[in-house]
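So the protein sequences, as listed, match chains D and G. This note's numbering numbers the first residue of the first sequence as 1 and each following residue consecutively. This note's numbering numbers the first residue of the second sequence as 1 and each following residue consecutively.
Each hint should be verified, as a subset may be incorrect.
As the list claims (entries may be wrong) - Distance windows between CB atoms, simulated:
{"id": "1", "chain 1": "G", "residue 1": "Trp52", "chain 2": "D", "residue 2": "Ser16", "range": "47 to 53 Å"}
{"id": "2", "chain 1": "D", "residue 1": "Ile418", "chain 2": "G", "residue 2": "Trp89", "range": "42 to 48 Å"}
{"id": "3", "chain 1": "G", "residue 1": "Ala23", "chain 2": "D", "residue 2": "His176", "range": "52 to 58 Å"}
{"id": "4", "chain 1": "G", "residue 1": "Glu321", "chain 2": "D", "residue 2": "Ile462", "range": "48 to 54 Å"}
{"id": "5", "chain 1": "G", "residue 1": "Lys241", "chain 2": "D", "residue 2": "Gly56", "range": "22 to 28 Å"}
{"id": "6", "chain 1": "D", "residue 1": "Ser304", "chain 2": "G", "residue 2": "Pro223", "range": "50 to 56 Å"}
Think of the hints as simulated: they come from the structure by calculation, not from any bench. This one's a predicted model, so the numbers in the text were calculated from it and none came from an experiment. Glycine is no exception: its CB is placed at the ideal position from the N, C-alpha and C atoms.
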Amino acid sequence: MTPKDHYLNHTSGFASWAFTLDHKRIGVMYLVATLGSFLLGGLAALAVRTELISRGPTIMDADTYNKMFTLHGAVMVFLFIIPSIPAALGNFVLPLMLGAKDVAFPRLNLMSFWLWVIGALFCIGAVISGGVDTGWTFYTPYSTTTNTNVIATTLGVFILGFSSIFTGLNFIVTIHKLRPLGMTWFKMPLFLWSLYGTALIQVLATPVLGITLLLLIAERALGIGIFDPALGGDPVLFQHFFWFYSHPAVYIMILPAMGIISEVISIHSRKHIFGYRFIALSSIAIAAFGFLVWGHHMFVSGQSGMANAIFSALTFSVAIPSAIKVFNWLATLYKGNIHLTTAMIYALMFIITFGIGGLTGLHLGALAVDVHLHDTYFVVAHFHYVMFGGTVIALLAGLHHWWPKMFGVMIDERLGRIAAFFIFVGFNTTFFTQFVMGSHGMPRRYYDYLPQFTVYHRISTIGSYVMAAGFFLIAYYLLRSLFRGQAAPMNPYGGNSLEWHTASPPPFDNFTTTPKAEDPYDYDRLVPDEVNGGYRSLTYEGVGTR
Amino acid sequence: MLSSFIGTGPGFWLPRQGSTTAAGVDYLFNAVTAISIFFFVLITVVLLYFVWKYRARPGHEAKASAVHNQKLEITWTVIPLMIVVWIFWEGFTGFLNLQMPPENAYEVQVLGQKWKWLFTYPNGVVDDNLHVPPDEPIRLVMTSQDVIHSLYVPDFRIKRDAVPGRYEREWFQAEEPGEYQIFCAEYCGTSHSAMLSKVIVHRSRAEFEKWLADAGNFLDKLPPEKLWEGGQKLYNQRGCKQCHSVDGVAGIGPTFKGIWGHKQALKDGSQATVDENYVRESILNPQAKIVAGFEPVMPTYQGRLKDKEITAIIAYLKTLE
Numbered sequence: 001m002t003p004k005d006h007y008l009n010h011t012s013g014f015a016s017w018a019f020t021l022d023h024k025r026i027g028v029m030y031l032v033a034t035l036g037s038f039l040l041g042g043l044a045a046l047a048v049r050t051e052l053i054s055r056g057p058t059i060m061d062a063d064t065y066n067k068m069f070t071l072h073g074a075v076m077v078f079l080f081i082i083p084s085i086p087a088a089l090g091n092f093v094l095p096l097m098l099g100a101k102d103v104a105f106p107r108l109n110l111m112s113f114w115l116w117v118i119g120a121l122f123c124i125g126a127v128i129s130g131g132v133d134t135g136w137t138f139y140t141p142y143s144t145t146t147n148t149n150v151i152a153t154t155l156g157v158f159i160l161g162f163s164s165i166f167t168g169l170n171f172i173v174t175i176h177k178l179r180p181l182g183m184t185w186f187k188m189p190l191f192l193w194s195l196y197g198t199a200l201i202q203v204l205a206t207p208v209l210g211i212t213l214l215l216l217i218a219e220r221a222l223g224i225g226i227f228d229p230a231l232g233g234d235p236v237l238f239q240h241f242f243w244f245y246s247h248p249a250v251y252i253m254i255l256p257a258m259g260i261i262s263e264v265i266s267i268h269s270r271k272h273i274f275g276y277r278f279i280a281l282s283s284i285a286i287a288a289f290g291f292l293v294w295g296h297h298m299f300v301s302g303q304s305g306m307a308n309a310i311f312s313a314l315t316f317s318v319a320i321p322s323a324i325k326v327f328n329w330l331a332t333l334y335k336g337n338i339h340l341t342t343a344m345i346y347a348l349m350f351i352i353t354f355g356i357g358g359l360t361g362l363h364l365g366a367l368a369v370d371v372h373l374h375d376t377y378f379v380v381a382h383f384h385y386v387m388f389g390g391t392v393i394a395l396l397a398g399l400h401h402w403w404p405k406m407f408g409v410m411i412d413e414r415l416g417r418i419a420a421f422f423i424f425v426g427f428n429t430t431f432f433t434q435f436v437m438g439s440h441g442m443p444r445r446y447y448d449y450l451p452q453f454t455v456y457h458r459i460s461t462i463g464s465y466v467m468a469a470g471f472f473l474i475a476y477y478l479l480r481s482l483f484r485g486q487a488a489p490m491n492p493y494g495g496n497s498l499e500w501h502t503a504s505p506p507p508f509d510n511f512t513t514t515p516k517a518e519d520p521y522d523y524d525r526l527v528p529d530e531v532n533g534g535y536r537s538l539t540y541e542g543v544g545t546r
Numbered sequence: 001m002l003s004s005f006i007g008t009g010p011g012f013w014l015p016r017q018g019s020t021t022a023a024g025v026d027y028l029f030n031a032v033t034a035i036s037i038f039f040f041v042l043i044t045v046v047l048l049y050f051v052w053k054y055r056a057r058p059g060h061e062a063k064a065s066a067v068h069n070q071k072l073e074i075t076w077t078v079i080p081l082m083i084v085v086w087i088f089w090e091g092f093t094g095f096l097n098l099q100m101p102p103e104n105a106y107e108v109q110v111l112g113q114k115w116k117w118l119f120t121y122p123n124g125v126v127d128d129n130l131h132v133p134p135d136e137p138i139r140l141v142m143t144s145q146d147v148i149h150s151l152y153v154p155d156f157r158i159k160r161d162a163v164p165g166r167y168e169r170e171w172f173q174a175e176e177p178g179e180y181q182i183f184c185a186e187y188c189g190t191s192h193s194a195m196l197s198k199v200i201v202h203r204s205r206a207e208f209e210k211w212l213a214d215a216g217n218f219l220d221k222l223p224p225e226k227l228w229e230g231g232q233k234l235y236n237q238r239g240c241k242q243c244h245s246v247d248g249v250a251g252i253g254p255t256f257k258g259i260w261g262h263k264q265a266l267k268d269g270s271q272a273t274v275d276e277n278y279v280r281e282s283i284l285n286p287q288a289k290i291v292a293g294f295e296p297v298m299p300t301y302q303g304r305l306k307d308k309e310i311t312a313i314i315a316y317l318k319t320l321e
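Based on the sequences and whatever the hints tell you, model everything.
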């Protein structure tokens, strides 16, 4: 079943990977790199939660704690969550979904990966040589006056920004130029729409982050006085610059996640996606509105009341396309044939946890309520429900969904479901508690807390351990499947987007002939493959090697 | 239990209500929570029902149904839109109430610094806690001396950043006498979580006035041998500390350690002995004698420190050997 010659064994040796131009290998390298970062960021999170299990010093002092939550935030945001779905899964899947042999600029793609590595080395170097304690947001004047390694870290993030821009640029050109015959814009798989929306933000917003961080470095090194009030600058200006990128960046994180959910829900319920155009256009709407809401991070920062009102109104506009997606996913399930695979369980879990993340955004968008909740654990819980309950859960859905395609092996579904249970219980225990303590006034980024918050912190920490257990179980069965996994058929779940019509794992050049694309969500012409397992298509017979 | 979960009163969500504006904020919080719970339950129930009803099982197949429906799409676009417009409007008008202090508000100056709050009252009294009379609007005019801080009183539902180089305003009217927690809500470094103060709401205007008068004359109550403690308090609160250390390390100004009786070399080449008159002159007319190696940057304290207070500071300097 597994083809003799595929992209994993086509060539071998370190250089064949390090200098590969194959989007699939670059995707796999990105996957290893981002999951490694997730491990690092996750360990930092466990250290933070363990410190907070009881009042007073527990396992570290205040300065170490401040460096630890900065490490957690910076690694998770810049090294893991921004590149994870687009650069790892996106790189692997996007050309395959297009029936193409590679992305438009394979060399740029490789350069993007190595820039990521260099940027990561800067960041990790900064940590090893003493750490940085500004929080991942680098607010001035704290960041211009602290004596920790701000410059090395921000240079690292600056370089990571270019890595992100290159990926985005590559995807935009690839989607415009390499779509196969028959794949009009409204016949693209929805994952591609979401990657397209993501790429637009990466290309348009990331340069602003680059400029901002260069200004911050100049401020620190040369004292030019853009942000320092003592020199006539304005510290709130930094916040505007920073969030002009970092709010759209939230959509860099969540849009591709939504794309994965559209794929997984449709395929695993054997049902054509409902409301295709609305889901597709809502991705673009989210990308566009996402640029106009950054001011909601500054409702209590001394921004004018008028600006607050405008940003609050625009913030609510993002709720609508998100709600449209959720309702369309639910409608897709109607009259389907729902297979509760691990991938599908994560996709359904996404609707619930992301739903909570989205709904609590309503509390924070409402100006009067935000004043109370701003900078408390309520906000921490909200963005973890979006970033973890949304993006990470979707990444897990996508990883399980495409794992057989990427590595040609099936995963252990039984262990998969057990781990999903641990993740669901652990995650909600950790973060739902934080909504409650935040509403009671527990501020974020606190090394110590008052006695009335003890019970919440303790429950939250226990939840984080349950979640960690789930992740170690996932790591175990994923790694084990690589060596002992049952060989995967070409199309194990019966998907109809093009990546399911070539071998698992795909051959070096993806397809034998360029396929003519049909509706990616029409499953009528798929029949069970009695010989090889999984499904075979009556339409695409022979476009891929078997 | 359920009513406390969806938040009809203090309990599962939100702390007690200590200010006149808290109830309005809580009303909106509870309304949004109720809307959220409604949609969450709706989505979850539909999801679980579909997952159960259309579960894959032998003999069960997906059945064709419409793949789009314009009316349905418009319905689930317009209904959430109307709801969020309402939430926006309530949030906006509620925010205006939080923004606009009544005209006759009593004003207190707030200075944030690493890692304490200083509250200055109209008569010049400075205190670490915010003392206020009950049932009167209080206006805070806030700034920061170093990095950004944020003054947060959960029981009052108010929060505002204190930003260096500008003034921010925040107001409240406390309802019940008692103590209320103040947090710093904007990360500011090592002791961010220890930057705690209290709002102390006195039982009456008269009690507050009495506290204020006593605080202004606190030196009068100290026995002469304890006068230096009053000087130490003034040193910490009136801005001496920011430039003059007591550990021997020169800051923006000379250290106070061992300064008493010391012969200072001055910028103009002459010398001066640190005695009562030298200290008094340096406080009231700081540019008169500049110590060699330092810039003439100290502001005058003329009219800001009383003679008795200067005497107390002198007593404190004598203890710093």
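Quick rundown of the hints versus the structure:
Between Trp52/G and Ser16/D the beta carbons are some 49 Å apart, a value that agrees with the proposed interval 47 to 53 Å. Between Ile418/D and Trp89/G the Cβ separation comes to about 47 Å, which falls inside the hinted range of 42 to 48 Å. A C-beta distance of roughly 55 Å is found between Ala23/G and His176/D, which places it inside the suggested range of 52 to 58 Å. Roughly 53 Å separates the CB atoms of Glu321/G and Ile462/D, a value that falls within the hinted 48 to 54 Å.
Between Lys241/G and Gly56/D the CB atoms are about 27 Å apart, so this pair conforms to the stated range of 22 to 28 Å. Between Ser304/D and Pro223/G the beta carbon distance is about 52 Å. The supplied range of 50 to 56 Å therefore holds.
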